[in-house]
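First to last, the sequence lines map onto chains C and S.
FYI, the working numbering numbers position 113 of the first sequence as 115, with every residue one higher than the one before it.
FYI, the working numbering numbers position 19 of the second sequence as 39, with every residue one higher than the one before it.
Hints should not be assumed to be uniformly reliable.
Capping the alpha-carbon separation at 30 Å, the derived lysine-lysine pairs in DSS-like fashion look like this [as the list claims (entries may be wrong)]:
1) C:Lys140 to C:Lys229
2) S:Lys28 to S:Lys54
3) S:Lys216 to C:Lys11
4) C:Lys272 to S:Lys125
5) S:Lys54 to C:Lys140
6) C:Lys11 to S:Lys54
7) S:Lys71 to C:Lys140
8) C:Lys188 to C:Lys112
9) S:Lys122 to S:Lys216
10) S:Lys71 to S:Lys222
Derived by calculation from the structure, the hints in this document are not laboratory data.
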Amino acid sequence: MKDSVLFYKIEKILGWIRDHFFLILVSLSCVFPLVWMLSSALKTQATVFSDMSLFPAHPQWGNFYLAWTKGGFGIYFFNSIFYTLTVVIGVVFIASLAAYAFARLEFPGKNIFFYLFLATLMIPLPGAFIALYVLLMKLHLVNTRLGYILIQINGGLALGIFLLKTFFERMPRDLEDAARIDGCGKFGIYWRVALPLAKPAIAVVVIFNALTVWNEYLLAMLLLSNKSLMPLQRGLMIFQGAHVTQYPLLMAGITITVIPIVLMYIVMQKYIIAGITAGAVTG
Amino acid sequence: MVAKERFKAIFGNYLFILPALGMFLIFSVYPFFKVFQLSVFQWDGIMPTMKFVGLSHFKDILFRNPTWWQSVGNGAYITFLALTFQNCLAFVLALLVDRGIKGGKIYRVIFYLPPILSGIVVGLIWNWIYNGDYGLLNYALKALGLAGIQRAWLAEPKTALTSVAIIHMWRGFGWGFIIMLAGLQNIPRELYEAAKVDGANKWQMLRRITVPLMIPVFVLVSILTILGCMQIYALIVATTGGGPGYHTEVPVTRIISSMLGQSQFGYACAMGILFGLILLTASMIQLRISRRIKQE
Chain C
3 MKDSVLFYKI EKILGWIRDH FFLILVSLSC VFPLVWMLSS ALKTQATVFS
53 DMSLFPAHPQ WGNFYLAWTK GGFGIYFFNS IFYTLTVVIG VVFIASLAAY
103 AFARLEFPGK NIFFYLFLAT LMIPLPGAFI ALYVLLMKLH LVNTRLGYIL
153 IQINGGLALG IFLLKTFFER MPRDLEDAAR IDGCGKFGIY WRVALPLAKP
203 AIAVVVIFNA LTVWNEYLLA MLLLSNKSLM PLQRGLMIFQ GAHVTQYPLL
253 MAGITITVIP IVLMYIVMQK YIIAGITAGA VTG
Chain S
21 MVAKERFKAI FGNYLFILPA LGMFLIFSVY PFFKVFQLSV FQWDGIMPTM
71 KFVGLSHFKD ILFRNPTWWQ SVGNGAYITF LALTFQNCLA FVLALLVDRG
121 IKGGKIYRVI FYLPPILSGI VVGLIWNWIY NGDYGLLNYA LKALGLAGIQ
171 RAWLAEPKTA LTSVAIIHMW RGFGWGFIIM LAGLQNIPRE LYEAAKVDGA
221 NKWQMLRRIT VPLMIPVFVL VSILTILGCM QIYALIVATT GGGPGYHTEV
271 PVTRIISSML GQSQFGYACA MGILFGLILL TASMIQLRIS RRIKQE
C-alpha cells in the first residue's frame with residue numbers, strides 16, 4: 003500500500019518535470035530570437051558575425067543613436083506613433099458613436115446597416131487594396147498621411163463597432179435614464195455617460211488597433227513612397243535594402259520597432275488577450 | 021408637428037452612424053465593387069484608357085498561369101504545416117497550462133510574445149538565424165557536429181519554403197494557444213469530476229470530453245489559420261521576396277507583382293477575386309465538416 007503511494011508520487015513529480023521542461027523549452031524558443039536581436043544590436047560591425055556571445059563584452063549603445071539619426075529610425079518612429087495615435091482615436095470615436103446608435107437608438111434600416119458592417123469581417127477580398135489604391139489616387143491621397151490614416155480607420159471600424167455594441171447593450175440603462183431626466187441630450191448621454199462606462203471595451207479596441215497599425219506593412223508599401231512619411235515597418239525594409247550588411251544597425255532598428263509594442267503588451271496583456279479572443283470569435 | 025419631431029429625432033440618430041457609414045461606403049463598399057469592375061478590363065493603372073476584355077483574365081489565370089498555381093500551392097503547403105504542427109503544439113501547450121500548472125500565467129505571456137511582432141520584424145530576425153554564411157542555425161549545427169547539413173536555408177529551393185513555414189509557425193502558435201486555452205477553460209469542471217468518479221483515466225477524459233467539446237474551437241482556429249496563412253505577405257517580403265525562383269511565391273506576392281511589377285491592375289484584381297473564392301470555399305468546407313462531426 004505504501005509502495006503504491008510512493009510510486010504515485012514519483013510518477014507525479016516526473017510528469018511535473020516533463021511538463022515544465024517542455025514548456026520552458028518552448029518559452030526559450032519564443033524569447034531567444036529577441037534576445038539575439040538585442041545582443042546583436044550591441045555588437046560592432048566587425049564582431050557581429052564572429053562574436054556568438056549573448057552578452058557582448060563591450061556593448062555598443064551608440065548603435066541605437068546611429069540607427070535613430072543616420073538610419074532614419076527617429077523619423078520612422080515618430081511617424082509610427084503618429085499613425086497609431088490618429089487611427090486609434092479615429093476608430094474609438096467613430097466606432098463608439100455608431101455602436102451606441104446600434105445598441106440604443108432607433109432608426110430605419112438599423113439591422114441592415116449593422117449586418118453590412120459585420121459582413122466585411124466575414125468576407126475576405128484579397129484584391130481590395132488594388133481598388134483602394136486606385137481610389138486614393140483619384141482623391142489625390144496617395145503618398146499622404148491622411149490617405150494612409152483614413153484607410154486604416156475604416157479597417158478598424160467593423161470590429162470596433164461589434165465589440166462596443168455588445169458592451170453598450172449589456173450596460174444597465176438606469177444611468178442613461180437618470181441623465182435623460184436631468185435634461186441631457188442624446189449626444190450628451192453618449193459622451194458623458196456611455197463612453198466613460200465603456201472603458202474596458204474601449205481598451206480592447208485601442209490595443210487591437212494599435213497592434214494592427216504599428217505592424218502594418220502592405221498599405222505603407224503601396225501608398226507611401228516619401229521617406230519622411232514612412233512608418234517603422236516600411237523603414238526597416240528601406241534600411242535593409244540600402245545597407246544589406248549593416249547588421250548591428252539593422253538589429254538596433256528592429257529593437258526600436260519592437261520595444262514600444264512589447265512594453266505595451268506587458269502593461270496591457272490582459273486586454274490584448276481579451277481582444278484576441280473577441281476578435282477571433284467575430285472574425 | 022408630431023411627424024416633424026419624429027423626423028428630427030430619427031435624423032439625429034442617423035448622425036451617430038453617419039461618419040462610420042460614410043467611411044464604410046467610400047473605403048469598403050466602393051472598392052469591393054471596383055475590384056469586380058476592374059477585373060474585366062485591361063488597365064495599367066495610370067492611363068485613362070481601359071480596354072474591356074471580358075473574362076479573359078480569369079481564363080488566363082486558371083489555365084495559362086502555372087506560377088499563380090505554384091503560389092497557391094506554396095500557400096497551401098504553409099497552411100497545411102500550420103494546421104497540423106502549429107495547431108497540435110498549440111493544443112498540447114493549452115492542455116498543459118489548463119491543468120493549473122504553476123507559472124501558467126507566465127507561460128501565457130511568453131507564448132503570446134511572437135504573435136504581437138510584425139511579419140517584417142520576425143522575418144528580418146530569422147533571416148539572420150537562417151543565413152548560410154554566418155547564420156546562427158548553421159553555427160549551432162556545426163557545434164553539434166552536424167556541419168554536413170549546413171546550408172543557406174532560405175536560398176535553396178529544397179528548404180526555402182519549409183524554412184519560411186517554420187518562421188510562420190513560430191510566430192503563430194501562441195495565438196492558437198490563447199484561443200484554445202480560452203476554449204478549454206469554458207469546459208465545465210464537473211464533467212471531469214463525474215468522469216473521474218466513473219473511473220475514467222486521463223486519456224479517456226481527453227477523448228470523450230475535451231476533444232468533442234473543443235470541436236467548435238478547433239474549427240474556428242482552423243478557419244483563421246487558413247485565412248492567415250494563405251494571406252501571408254510581409255514575412256515573405258522580409259525573408260525571401262518569393263525566391264529562389266518562384267519557390268516561396270504566395271498569392272499576395274503574385275497579386276502585388278502583377279499590379280506594381282507588370283502594371284496589370286485588371287489582371288491583379290481578377291487574381292484577388294479568384295483567391296477570395298478559394299478562401300471562401302476553404303472556410304465553407306471547414307464549417308461543413310464541423311457540422312457533420314457534431315451530428316455524429
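Checklist entry - Which of the stated hints cannot be reconciled with the structure, identified by number in ascending sequence? => result Failing hints, ascending: 2, 6 and 10.
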